[in-house]
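Asker: Please construct the entire structure, taking both the sequences and the accompanying hints into account.
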Amino acid sequence: MIRGNTKGLDLLRINHAGIMVLKDGSTVNYGVIRINNNREVVYYTGKGLREMMATNIDGMNIKKAEDLKHLSEQELIQSEHIKVTPFDNIERVVF
Amino acid sequence: MRIFTQTEQNLLIRINNRQGINLYSLIDPWIEGVSFTVNTVTNDVTILFEQNSLVNQGVSLNQRLNEIQTILIQSVNLIKLFEEKGYILTFRNTNQIPNPFTFGIFQINSPSIPYHFPDSRISELITKYSTEEIFVTPELDHFINVDGFRTREMVRATRQFRVTLTALIVAILALFSNFGFNMYNAFKPSSSQKGPINHSDSLFKIKSSNHDTR
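First to last, the sequence lines map onto chains A and B. Quick note on numbering that gives the first Met the number 0: the first sequence kicks off at 0 and runs consecutively. Quick note on numbering that gives the first Met the number 0: the second sequence kicks off at 0 and runs consecutively.
Fair warning: there could be bad hints in the mix.
What the hints assert, rightly or not - Straight-line distance between alpha carbons at most 25 Å, and here's what the computed DMTMM-like set of lysine to aspartate or glutamate pairs gives:
| hint | chain 1 | residue 1 | chain 2 | residue 2 |
| --- | --- | --- | --- | --- |
| 1 | B | Lys79 | B | Asp27 |
| 2 | B | Lys127 | A | Glu50 |
| 3 | A | Lys46 | A | Glu72 |
| 4 | A | Lys68 | B | Glu31 |
For the record, the hints were derived by calculation from the structure and aren't laboratory data.
Answerer: Okay, structure coming up:
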């Protein structure tokens, strides 16, 4: 699938965060890290966004966020802070 | 309704042109380096300002905060106002919204400064409209492109003023014509003054004859 065939794929830009609906029916929060070969999107999941951005000004959260930022992408994929989703699996990008 | 600022007019044009189909798309040009975390249960809104972006833009946190608050407040209040007046409709296009969720344009790995939005009324509106899409009715297009951002009340008032003015002009013209006609009749030389009085008028005769029979 190429970009543009699914509604809202043009919204998937680097550093953009929003919500998309996947073909399995789930609605997920995403924060785009990069687009691979115009075929798949690598993004921070809702969990990744929540834990790595540390919106609570709380010592524990900030430390955890800093620790997570030092992990590799593979480690973050294993811990489900990052996901890779092919465009084929995206139903539509809400925003 | 009321008079709209230039920014509000730009926001309305974006909604009408389908560039602002939801709150995120609507404020997209103004939120570089800013993200919003929205809790749909508690209606909490946290704004995160990317420090690098502030440095690159050469603005202080207070300036940027003021800009973002202004655009947010204007946007959600405009959507609410125009939804209530029937110019736009809003609807939720997805069943499950992750809670909390984040939207914006920012680098996650760079340091950021969080700010909790204090006004609960505006936070509720942000939460509501963050998860809804905007459907535009032809009325909005008419409002922008035909009426030039003038409200229905203003258009109606202008129309009534024109009708009243036209009626007034017609009445004044009629008054002057009538006055002129009367003046003409009053001062024009009458035909009775030109010749002698005709005593052989038939009406006179009848009256005279009636008088005679008594």
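Asker: Does each hint hold? Answer for all of them.
Answerer: A quick look at each hint next to the structure:
no., hint, verdict
1, B:Lys79 - B:Asp27, "19 Å, holds"
2, B:Lys127 - A:Glu50, "24 Å, holds"
3, A:Lys46 - A:Glu72, "14 Å, holds"
4, A:Lys68 - B:Glu31, "22 Å, holds"
Hint compliance for this structure: no hint is broken.
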